[in-house]
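Residues per chain are reported as follows:
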Amino acid sequence: MSAPARAKAPWPASLTVAAATMASLFALTSMVVTGAWILTVAASLAALTATVVVARVVTRSRWWPTVVGLAVTVEALVLQFSVSEEGDGHLLPTPGALRDLLTVMGDGVNYAATTVAPAEMTPALLSLVCAGVMGLFLVAEHIAVSWRAAASAGLVLMLPWLPAAIFQQRVSVAWLLVALAAWLLTLALARRGDATQPPSTLGGAVAATAATLGVSLLVVPSALGGHGWGIIPRIDAPSSLSSTTRLNLDLDLRTSLTTNSTAPALVYTADGRRPDVLRLYSYSEFDGVAWAYGAPSDDEITSTEGLLWPLDIDVTDATTATYEIEAVDSAENNLALPSAPRSVDVEGDWGYSPGTDEVVSPSDSTLGLSYTVTAATDFLSAERLLAAPSDPASDAGVGARYLNLPAAMNAARVSDLAADVTSGATSRFAQAVAMQDYLRDPAEFDYDTSVSPSGGDAVSTFLDDRVGYCVQFATTMVMMARTLDIPARMAIGFLPGSEGEGDTYVVQGGDAHAWPELWFPEVGWVRFEPTPAVQTGSAPVYAEEPDEPAVSETSDPAQQPTTAPQQQPERPDTPDVPNLSGGEAEQSGLDWWWFAIAAAILLAGSTFAVVMMRRRRTDAPAPLDPAERAWLRARDGLPEHARWSLAHTPDEAVEHVRATLSESGRGLSPAGDAALVNLAQAVADHRYAPEGTAHSDAQMREWSAALTTEAGRDAAAEQPTRR
Amino acid sequence: MTHPLPTEDELAEVAEVTQAIRASIGSVLSGLDGAITATLATALAGGHLLMEDVPGVGKTTLARAFAASVDCSLGRIQFTPDLMPADVTGVSIFRSDDHRFEFRPGPIFAQVVIADEINRASPKTQSALLEAMQEHAVTVDGVTRRLPEPFLVVATQNPIDMEGTYPLPEAQRDRFMAQVSVGYPQPADEMAMLDSHDGTDPLAHVHPVTDTATLGRLIDVARRIYAAPAVKQHIVDLVAQTREDASLRLGASPRASLQLLAAAKARAAMAGRNHVLPDDVKALAVPVLSHRLVVSTEARLSGRAAQEVVRDIVERTPVPTEARASVPHRATAGAAHADATR
Chain C
140 MSAPARAKAP WPASLTVAAA TMASLFALTS MVVTGAWILT VAASLAALTA
190 TVVVARVVTR SRWWPTVVGL AVTVEALVLQ FSVSEEGDGH LLPTPGALRD
240 LLTVMGDGVN YAATTVAPAE MTPALLSLVC AGVMGLFLVA EHIAVSWRAA
290 ASAGLVLMLP WLPAAIFQQR VSVAWLLVAL AAWLLTLALA RRGDATQPPS
340 TLGGAVAATA ATLGVSLLVV PSALGGHGWG IIPRIDAPSS LSSTTRLNLD
390 LDLRTSLTTN STAPALVYTA DGRRPDVLRL YSYSEFDGVA WAYGAPSDDE
440 ITSTEGLLWP LDIDVTDATT ATYEIEAVDS AENNLALPSA PRSVDVEGDW
490 GYSPGTDEVV SPSDSTLGLS YTVTAATDFL SAERLLAAPS DPASDAGVGA
540 RYLNLPAAMN AARVSDLAAD VTSGATSRFA QAVAMQDYLR DPAEFDYDTS
590 VSPSGGDAVS TFLDDRVGYC VQFATTMVMM ARTLDIPARM AIGFLPGSEG
640 EGDTYVVQGG DAHAWPELWF PEVGWVRFEP TPAVQTGSAP VYAEEPDEPA
690 VSETSDPAQQ PTTAPQQQPE RPDTPDVPNL SGGEAEQSGL DWWWFAIAAA
740 ILLAGSTFAV VMMRRRRTDA PAPLDPAERA WLRARDGLPE HARWSLAHTP
790 DEAVEHVRAT LSESGRGLSP AGDAALVNLA QAVADHRYAP EGTAHSDAQM
840 REWSAALTTE AGRDAAAEQP TRR
Chain V
26 MTHPLPTEDE LAEVAEVTQA IRASIGSVLS GLDGAITATL ATALAGGHLL
76 MEDVPGVGKT TLARAFAASV DCSLGRIQFT PDLMPADVTG VSIFRSDDHR
126 FEFRPGPIFA QVVIADEINR ASPKTQSALL EAMQEHAVTV DGVTRRLPEP
176 FLVVATQNPI DMEGTYPLPE AQRDRFMAQV SVGYPQPADE MAMLDSHDGT
226 DPLAHVHPVT DTATLGRLID VARRIYAAPA VKQHIVDLVA QTREDASLRL
276 GASPRASLQL LAAAKARAAM AGRNHVLPDD VKALAVPVLS HRLVVSTEAR
326 LSGRAAQEVV RDIVERTPVP TEARASVPHR ATAGAAHADA TR
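Chains as they are written, first to last, in the working numbering: chain C, 140 to 862; chain V, 26 to 367.
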């Protein structure tokens with residue numbers, strides 16, 4: 140009696156898992172710029188796969204191939220990416236090498252956290268991707284091959300596709316099909332050996348499925364987007380009769396973001412570069428907790444003929460772009476306009492308000508309206524802003540209301556903070572950038588759509604809680620600027636949306652956004668971007684670093700001022716995925732516990748799944764060996780009334796078959812009887828004799844077949860209607 | 026602790042000798058194959074046998090025929106209500122010529138002891154016999170005396186509802202390895218019996234076909250028969266079923282498991298096999314298990330006897346295959362033994 144030897148692992152399934160893993164890598168192409176680095180990943184994965192397959196062929200152990208694979212993974216990462224401070228590589232995964240590797244991967248995490256999609260591949264990021272792909276392969280391979288739970292492995296292989304699915308990014312259907320095909324192949328290859336056995340890992344598979352799903356839902360959002368699941372709350376819930384998008388003009392800083400609309404609000408085409416934002420309203424009055432919108436009075440409104448920009452700027456050096464905008468489902472009283480609009484062509488009772496820089500109508504709604512706007516696209520540059528006078532006297536043309544500070548606000552605190560933040564700045568532009576950078580600093584503030592209701596001073600609450608969304612960030616920057624005597628206002632509008640059909644772009648309700656605009660003499664109102672949420676992208680290029688030579692690049696019309704909007708994801712109302720791994724978690728210490736809990740759940744989930752699978756396995760019947768299989772097959776081949784019961788011993792089974800077959804008229808032929816007796820003897824020996832059976836598997840199969848043939852013939856002869 | 030498996034020669038000897046004994050008994054009693062097999066299996070497994078049946082069907086004859094077939098000392102005790110323990114074990118009597126006590130062994134000091142109508146004696150006397158069966162020794166006046174080996178007690182009893190009986194308690198019935206019922210003979214067998222008993226005592230013609238030394242050897246061979254984990258699993262399954270069956274108030278004890286295995290090994294040895302088959306277990310499940318069980322009142326009222334319940338359990342309990350036995354296989358010491366002998 141031998142121990143039931145575990146069947147050899149179906150190592151070809153390891154190859155198909157590798158193929159599925161590699162194909163799944165292409166789910167990331169919308170987030171990372173593709174290039175030769177894919178070959179690096181492929182080579183690493185190929186080496187790992189080869190090792191694991193060899194290990195599978197050599198040993199029947201469940202764990203060794205994975206352990207060996209893990210070692211190879213670490214070594215491959217060390218070899219390729221671990222670089223000491225002196226710039227030397229490492230050969231072996233010594234503690235020092237591992238430390239350096241972790242440093243490199245940490246850099247990758249930081250890079251992923253700060254860059255926008257699609258990210259350029261760097262060695263640090265590549266180390267992350269490599270580690271992710273190899274780790275994914277090891278986990279999926281272990282589940283599929285060691286535990287023969289290829290279905291559950293599919294869930295692991297699904298993980299790379301999850302961001303693309305959640306954020307509705309374009310992925311290559313071909314690669315998705317390749318991944319699916321490889322997974323199906325894995326299912327087929329890793330199937331349990333015997334069909335007569337019921338699937339025994341059902342419970343384990345269910346547990347693993349539940350664990351994986353739960354973990355995916357917890358970890359992936361936290362890893363990819365922090366808890367930033369939206370940009371701005373300023374969308375009213377649609378009325379019951381209409382789903383029309385309308386911006387909520389009561390900007391109250393105490394409310395949390397709860398509404399995210401995916402309904403298209405605007406559709407536009409762009410001749411030239413896309414706009415960075417589309418502004419509808421500008422605010423000047425803030426009472427400490429909320430902005431109050433004041434529509435321009437009639438006498439402030441002028442004709443929309445001529446230049447819209449309040450200043451007569453020289454645009455000869457600026458490229459212009461023409462936008463045809465259709466407010467398909469946006470009912471506003473103001474037109475959405477890009478920055479630096481030059482002219483607008485619109486039908487109806489529309490006028491321009493130079494004071495607030497808006498195109499308004501006292502009666503008409505934008506719903507269904509189509510209009511054409513031309514705008515200067517390369518008008519703003521760091522040089523121009525640096526050259527603007529910083530002298531408060533030159534702000535004479537701007538209303539004093541843009542310098543008002545609400546009485547409810549702790550102005551001293553904001554003022555001190557602004558002075559502190561901008562202490563080294565020599566120009567208004569440098570001050571603005573310093574404030575923007577301060578607010579965008581992940582070490583200082585967290586983007587979160589839920590804020591705690593505050594008292595009468597929302598800015599102080601924000602500075603205490605250090606958590607908020609665009610309205611809080613923008614308001615704080617406006618107030619800080621005003622304490623520095625920089626005229627500033629709040630602007631409300633939309634992010635530039637995502638690509639729609641054809642050449643069009645679609646702006647959804649969820650793309651609503653708020654940002655501060657600061658006054659620069661001889662330039663005008665200039666947008667800054669203090670909100671660090673990933674979907675708002677990086678700060679406008681003109682506002683990146685005041686004295687950086689890089690700024691001059693923006694004067695090149697081919698490269699663009701505001702890169703961020705160009706890189707908007709398909710659906711900015713959900714968090715973008717430019718950071719490939721736990722980037723958001725890097726933003727502050729607060730997020731660490733969130734990430735740690737998710738990781739703990741992941742660990743607990745997988746442990747639970749493994750334990751469940753183990754238990755199912757222990758309970759499950761061991762795979763049948765050839766003798767038992769031949770015996771069962773012989774039984775199944777008999778007419779139903781002649782099949783012996785499970786309570787029959789082989790000898791009794793022989794008697795039963797003889798009796799029932801002779802009862803039905805024709806007994807077994809001597810050859811058939813001999814086959815039955817021999818097979819029964821072989822099975823009895825196999826089961827109960829110390830030396831097992833001496834007969835070969837082939838011999839037993841032959842007896843089984845002979846018996847089946849004969850019994851079938853008997854049954855057909857005696858009972859033609861019976862199968 | 027690993028015993029060598031019996032060799033072919035040893036197995037052949039077992040088969041040959043038991044066949045001879047069987048033939049010898051068969052010359053006296055015909056048509057009792059099942060009872061004879063159980064008797065032989067019990068003897069080879071080193072157990073004791075209980076025969077329960079109505080008077081006059083050949084219980085004592087079977088026991089005597091077995092004793093006569095083996096060249097061994099035979100003791101016979103006819104249990105009566107006034108039988109005293111000393112009548113079984115023996116007494117020390119004072120010899121006045123040399124002024125010392127001398128132990129006069131009772132009938133229990135024999136290799137085969139026939140305890141006739143054991144349930145007619147008082148419990149006190151029954152206990153004396155049963156203790157001797159368990160210990161293979163008797164203590165009289167503070168001196169423990171070993172009983173001869175091999176030691177086989179064949180007790181007969183009348184059904185408990187007969188007049189003047191003291192039914193054996195469950196604990197004492199558990200001491201017997203097997204209980205067989207002789208049963209009324211078939212008409213043809215009864216005819217043959219009438220012929221053979223005509224005028225002569227058929228037992229007088231029974232001659233020993235083997236001796237106690239051989240019997241001891243056979244017992245040793247039977248002990249070394251291999252039992253696969255699947256077979257042990259089957260025994261455990263059956264015994265577990267008796268403990269769960271609604272018709273039974275008392276299930277089989279772990280001692281029952283041990284004795285069922287020992288008896289099955291003996292039956293396998295008698296068939297010349299070096300390993301036990303579930304068929305051995307099945308064939309002996311009724312004799313080995315049923316007398317230990319207590320049928321629930323409901324089942325008894327509906328006319329179900331313990332034998333019938335055990336037969337049902339045997340019928341419905343699946344025979345373990347290697348796959349089913351693989352779980353305990355990994356866990357038990359028996360598995361290690363199995364692997365070592367492989």
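Treat the hints as calculated values from the structure; they're not laboratory data.
Please note that a few of the clues may not be correct.
Stated by the list, open to error - Rough simulated footprint, nothing fancy, chain V against chain C, three-plus residues with beta-carbon under 8 Å:
#1 774-787
#2 824-832
Stated by the list, open to error - Residues from chain C shown here face chain V by an in silico Cβ test under 10 Å; the list is partial:
#3 W300
#4 D503
#5 E767
#6 E791
#7 A792
Ideal placement from N, C-alpha and C gives every residue a C-beta, glycine not left out.
Verification of the hints:
1. 774-787: Held - the segment 774-787 of chain C has 4 residues with a Cβ nearer than 8 Å to chain V, which meets the minimum of three.
2. 824-832: holds (count 7)
3. W300: For W300/C, the interface hint is violated, since the closest Cβ of chain V sits about 39 Å away, which is over 10 Å.
4. D503: With a minimum Cβ separation of about 81 Å from chain V (threshold 10 Å), the hint on D503/C is violated.
5. E767: Hint on E767/C: holds, closest Cβ of chain V at ~6 Å, below 10 Å.
6. E791: holds, 7 Å
7. A792: holds, 9 Å
Hint compliance for this structure: hints 3 and 4 are not met, and every other hint is.
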